[in-house]
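Asker: Model the placement of chain B on the given structure of chain A, informed by the hints.
These protein sequence lines are chains A and B, in that order. FYI, this note's numbering numbers position 359 of the first sequence as 359, with every residue one higher than the one before it. Numbers given in this note's numbering equal positions in the second sequence, counted from 1, plus 609.
Hints were generated in silico from the structure; no laboratory data involved. Treat the hints loosely; a few may be bogus.
Restraint ranges, calculated between C-beta atoms of paired labels, are given here [unchecked claim]: (1) 421(A) <-> 627(B): 51 to 61 Å; (2) 596(A) <-> 700(B): 51 to 61 Å; (3) 530(A) <-> 973(B): 25 to 35 Å; (4) 700(B) <-> 301(A): 32 to 42 Å.
No more than 20 Å apart at the CA atoms, straight line, and that leaves these computed lysine to aspartate or glutamate pairs for DMTMM-like [as the list claims (entries may be wrong)]: (5) 586(A) <-> 573(A); (6) 586(A) <-> 564(A); (7) 676(B) <-> 410(A); (8) 737(B) <-> 671(B); (9) 405(A) <-> 531(A); (10) 729(B) <-> 531(A); (11) 729(B) <-> 525(A); (12) 676(B) <-> 514(A); (13) 262(A) <-> 671(B); (14) 676(B) <-> 263(A); (15) 517(A) <-> 798(B); (16) 517(A) <-> 622(B); (17) 676(B) <-> 578(A); (18) 545(A) <-> 798(B); (19) 116(A) <-> 142(A); (20) 817(B) <-> 671(B).
Quick reminder that beta carbons are idealized off the backbone N, C-alpha and C, glycines included.
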Amino acid sequence: MTPSVNASSIPALATPLGQEKSALLQRLVEGLDSASLTWLSGYLAGLAARQLPVTLPATQPAAAPQAAPQGSLTLVYGTQTGNSRLLAERLKQRAEAAGLAVRSFRASEYPVRELKNERLLYVVISTQGDGDPPDDARGFFDFVQSKRAPALGQLRFAVLGLGDSSYPKFCEIGRVLDTRLAELGATRLFARAECDLDFEPVAEPWIGEAVEHARKELGAETALATVTPLRSVQVPPTFNRENPYPSQVLANQRITGRGALKDVRHLELSLEGSGLIYEPGDALGVVPRNPPELVAAVLSELRLDGSTEVTREGRILPLQRWLTEALELTRLSRPFLASHATRSNNTELQRLLAPEGGEALRALLASHQVIDLLRAYPAAWSAEELVGALRRLTPRLYSIASSQKRVGEEVHLTLSVVDYEAFGTRHMGAASYYLSTRQADQDMVDVFIESNERFRLPKDPSRDILMIGPGTGVAPFRAFVQERAETGASGRNWLFFGEQHFRTQFLYQVEWQEAVKQGVLHRIDLAFSRDQGQKVYVQNRLREKGREVYEWLEGGAHLYVCGDAKRMAPDVDDALLDIIATHGGKSREDAKAHLDSLREQQRYLRDVY
Amino acid sequence: MSKNPTPALSEVEHIKARSRNLRGTLAESLADPLTGAIAPADTQLIKFHGSYQQDDRDLREERRQQKLESAYSFMIRTRLPGGVCTPKQWLALDELARTYANGTLRMTTRQAFQLHGVLKGDMKSTMKGMEAVLLDSIAACGDVNRNVMCNPNPVDSRAHEVVYQCAIRLSEHLRPKTRAYYEIWLDKEKVVGGEEEPIYGSTYLPRKFKVAITVPPLNDVDIFSQDLGFIAIIEGGELIGFNVLVGGGMGATHGEAATFPRLADVIGFIRPEQLLEVAENVVKVQRDYGDRTNRKHARLKYTIEDRGIVWFVSELEKRLGYTLQPARPFAFDHNGDRFGWIQGHDGRWNLTLHIDSGRVADTEGQRFLTGLREIARMHKGDFRLTPNQNLIIAGIAPEDRPAIESLVEAHGLTGFRSASPLRLNALACVALPTCALAMAEAERYLPRVVGLLEERLAAHGIEKENILLRITGCPNGCARPYLAEIALVGKAPGRYNLFLGGDQRGQRLNRLYRENIDEAGILAALEPLFAAYARERLPGEGFGDFTVRMGHVASPPAVERAVPAAVGA
Chain A
1 MTPSVNASSI
11 PALATPLGQE
21 KSALLQRLVE
31 GLDSASLTWL
41 SGYLAGLAAR
51 QLPVTLPATQ
61 PAAAPQAAPQ
71 GSLTLVYGTQ
81 TGNSRLLAER
91 LKQRAEAAGL
101 AVRSFRASEY
111 PVRELKNERL
121 LYVVISTQGD
131 GDPPDDARGF
141 FDFVQSKRAP
151 ALGQLRFAVL
161 GLGDSSYPKF
171 CEIGRVLDTR
181 LAELGATRLF
191 ARAECDLDFE
201 PVAEPWIGEA
211 VEHARKELGA
221 ETALATVTPL
231 RSVQVPPTFN
241 RENPYPSQVL
251 ANQRITGRGA
261 LKDVRHLELS
271 LEGSGLIYEP
281 GDALGVVPRN
291 PPELVAAVLS
301 ELRLDGSTEV
311 TREGRILPLQ
321 RWLTEALELT
331 RLSRPFLASH
341 ATRSNNTELQ
351 RLLAPEGGEA
361 LRALLASHQV
371 IDLLRAYPAA
381 WSAEELVGAL
391 RRLTPRLYSI
401 ASSQKRVGEE
411 VHLTLSVVDY
421 EAFGTRHMGA
431 ASYYLSTRQA
441 DQDMVDVFIE
451 SNERFRLPKD
461 PSRDILMIGP
471 GTGVAPFRAF
481 VQERAETGAS
491 GRNWLFFGEQ
501 HFRTQFLYQV
511 EWQEAVKQGV
521 LHRIDLAFSR
531 DQGQKVYVQN
541 RLREKGREVY
551 EWLEGGAHLY
561 VCGDAKRMAP
571 DVDDALLDII
581 ATHGGKSRED
591 AKAHLDSLRE
601 QQRYLRDVY
Chain B
610 MSKNPTPALS
620 EVEHIKARSR
630 NLRGTLAESL
640 ADPLTGAIAP
650 ADTQLIKFHG
660 SYQQDDRDLR
670 EERRQQKLES
680 AYSFMIRTRL
690 PGGVCTPKQW
700 LALDELARTY
710 ANGTLRMTTR
720 QAFQLHGVLK
730 GDMKSTMKGM
740 EAVLLDSIAA
750 CGDVNRNVMC
760 NPNPVDSRAH
770 EVVYQCAIRL
780 SEHLRPKTRA
790 YYEIWLDKEK
800 VVGGEEEPIY
810 GSTYLPRKFK
820 VAITVPPLND
830 VDIFSQDLGF
840 IAIIEGGELI
850 GFNVLVGGGM
860 GATHGEAATF
870 PRLADVIGFI
880 RPEQLLEVAE
890 NVVKVQRDYG
900 DRTNRKHARL
910 KYTIEDRGIV
920 WFVSELEKRL
930 GYTLQPARPF
940 AFDHNGDRFG
950 WIQGHDGRWN
960 LTLHIDSGRV
970 ADTEGQRFLT
980 GLREIARMHK
990 GDFRLTPNQN
1000 LIIAGIAPED
1010 RPAIESLVEA
1020 HGLTGFRSAS
1030 PLRLNALACV
1040 ALPTCALAMA
1050 EAERYLPRVV
1060 GLLEERLAAH
1070 GIEKENILLR
1080 ITGCPNGCAR
1090 PYLAEIALVG
1100 KAPGRYNLFL
1110 GGDQRGQRLN
1120 RLYRENIDEA
1130 GILAALEPLF
1140 AAYARERLPG
1150 EGFGDFTVRM
1160 GHVASPPAVE
1170 RAVPAAVGA
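Chain A on its own, in the form it takes in the complex (with noise of 0.2 Å):
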């Protein structure tokens, strides 16, 4: 297949436009490349968008329960930061534009009693910690696991795994569903792939290749092209993670008091101009550099020179810079590792690398940067070699902290600084440091709008909302408190926040006095671990008002959880558990449905990472 489009596929489209309207349409996508084409799709929907009156319901195409039609294409995405989402919806665009028809559907609104109809399927799914699916997929995962699964013969499938090859189980939801759908008796169509947090150099191609095995499946009997249903009201915006807006910093302020253990960043950075629009439980993407002083500090364990020029996918940049500006050096990705084991002939490491070495490789992954390794395991590299073999530098996501409604065209966050001695010498987490170092009123910072549709306000401002947010996991909750302070919700909005010390570290403690004198934050309740010979976290502060949370839940209320994903959330998981259980009178079984019911009902919401 050709990337670009030929005119004599056209002809037989069956458009609304009337036949002079159709000729200028066929002028004007003859010869266009898949590129130019989405870019043509996204600007006709901006087109539409505008012309929609605001009264119109924003379209739900993925919910609309249409039969899957003989020859349409099906779209299963799971996310948890959006990056599937992302990927699914270039992949819908794509095949639509290839004269498709396709379905797209977040994982946990796909109804799976059709899986058995499917004929053709695309999975594109993430892993999270430690080897789980995303929240949205948990119901999709697990039926498909199950013995309910149905015996799939009929079906075509393909799935693309994204993760994080820091972690052991890189991809494993991925790889897990695909060994799963083929073992049901489904056909894979072609071999699945494993993005890493830099996912754009395997997405890409595995989408054009997607797109190529549907057209070859479904081509000959789909020329009927459907037209893209529109997300949202919403003109897309001009910056975005390809294109990220130059912000300048306001604001740079430590929110721990000295003595503190954290060092925690309250910052606030400007959109002016900008056209960018965020709602609370979004997140803001930062495109980060990595620290100069680590940098110079892996030239010099190479022996390598900075100004020497580097080529890599046809971007030619001296290594000092590929360093700084285009590289993962804070992280370590096991790919790097394989290659860097091969380098240095180290049997250790090639024994981690094998597969009993699991445990082992997943504490060396977590606990050296790309230096660390260097340095316990000397190898020569190049410096074309090393730039292409380090992971592609990939924005970090930090969930916003303020409402635009209260702080107009700014964006606030709030950051722990990874700040720590390690192997004898000072590391750095790249993007906090980075952050952490910027100067208000004086430098610039990359950034973008990650939107994420899984962690919003009610619809009905009447309901009351249940915050969990310890720690950082606190900075959502400044915006979903400030967001329903100024738009007047009548729900009672209870924040349960915890951290080491009520001194020091009470993230943000005269804005919560001053809301809670203001009569907009309603009930709020503390947990700090070291001010006492025993450990309290906000799950056991949960547990302690157990009743009434119950009480809130049953009265409609919406409970959001946002923060460390290993032990927090896992933790409050099994305090709501047995909350339900206890004040619900509940079975353990029965409470989990009830909880996984409030996880469908979109009730249930976690932020975690």
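Answerer: Quick look at chain B alone, frame taken from chain A:
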């Protein structure tokens, strides 16, 4: 009808009236997890429970930017009549200081202990820890009778025992009777129904009230600075009664002429058995006639100044139903401490240690807290806090002396031997960073300014002279600055008013000499006076007396308090 409407009561009067005998909303304030502070009205009431809400003023601006509230903590002051405590009590306070406070004990100019930096959540544990060794902080602050002072005479143990018992009885008699303290801090059962405050009534006094007893010739309590003072008259080893003094006080406000320090009037003599009723009725006259509209004008000294001492005595005698006898003769030698080892009449030894500004802490080279803990573990007598922020280890058996001596040496508690007279006698209040009233440094500035002055005194060869220096961070007078020979009274960061001309017996107020000067100004002002004093002083003449005699400061007759009769002895 009066032409002028009755002036409004001060806000604190309303808070007291509404407080249900000092309860207010303290229990709710303590339970509020959102803040380390208590409700604003409760900050007034908590004083009556012996505590002040404070915050670290060094951190205020920084924390404001950090979106954190001020670093609130609480100072807790003990009620400790006569400044006497047992080794067991010392050990308990030492542990509380290290567990809940900032790791130091502060001995005050009223012979009490202060714990600083106690967090709200640790308040009850601290109070309970004190209760376990029979200590409390009731009425250590607030508009009530404060800690009753008593000269801690280490020499005459018999006389001390008698007056010390009087101090305890006064403290108990004038203690507020509300059970609020026990309910709020010690979780004791709540009182049902009404509760009487027999002496104070429901709004207590218009302002703080200070009582002291002393035994001539020692005036370490600065008896003329007290609202109510008793000078013990002892004849042939027997206490025959007390001269009564009323209307002393130190506090003043910069720039307000209507506020001033005042020496107490000696109004007569009473027998020992009349002590409590006289004290009670002095308190009641002040309760009924003190100014409740203006807290800067509410001390007993202003009531007496406004209505006259004759009126006061007649009002008191009317309530007593008898007249006071004429005051007996007495004489004071000095108002300082007698440092070092002194053997008492009972053969036991007493060691008076010098503690800079009364701060018992472990610092580099000086491990006072540890040293005194070690001493408390073996000591069989008692400890006495002096009115000059120093400490007497009292009642040491001769055989225990060497052990105590070696602990003193090992922990650097040897200042009583090595420090200059200037340093030994100096007083400073706490001031920054915790005191909300402080305008300038005091305790933290003392070591530096004493060092600078020592240099200058040495340059003139007068470093051995007993010169009395006192520093306060504001004009309210906690370190009794207006009785010092040299006083620095804080005006702004790094700036002080310089007062000169007190004596060494606590009988003469000093006078303002230079206003609002910095350190260079202080040194420049004192340098020529030191030079002149070195050249022209009379034998035995104190620096304060010298500055008055030479006319450097005026000594208006009204300021020096006449002492009845000739110097006895």
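Asker: None of the hints should be skipped; say for each whether it holds.
Answerer: Structure-based check of each hint:
no. : hint                          : verdict
1   : 421(A) <-> 627(B): 51 to 61 Å : 55 Å, holds
2   : 596(A) <-> 700(B): 51 to 61 Å : 59 Å, holds
3   : 530(A) <-> 973(B): 25 to 35 Å : 28 Å, holds
4   : 700(B) <-> 301(A): 32 to 42 Å : 57 Å, violated
5   : 586(A) <-> 573(A)             : 16 Å, holds
6   : 586(A) <-> 564(A)             : 28 Å, violated
7   : 676(B) <-> 410(A)             : 18 Å, holds
8   : 737(B) <-> 671(B)             : 34 Å, violated
9   : 405(A) <-> 531(A)             : 36 Å, violated
10  : 729(B) <-> 531(A)             : 12 Å, holds
11  : 729(B) <-> 525(A)             : 17 Å, holds
12  : 676(B) <-> 514(A)             : 11 Å, holds
13  : 262(A) <-> 671(B)             : 16 Å, holds
14  : 676(B) <-> 263(A)             : 14 Å, holds
15  : 517(A) <-> 798(B)             : 32 Å, violated
16  : 517(A) <-> 622(B)             : 26 Å, violated
17  : 676(B) <-> 578(A)             : 35 Å, violated
18  : 545(A) <-> 798(B)             : 27 Å, violated
19  : 116(A) <-> 142(A)             : 16 Å, holds
20  : 817(B) <-> 671(B)             : 34 Å, violated
Violated hints, in rising order: 4, 6, 8, 9, 15, 16, 17, 18, 20; the structure is consistent with all others.
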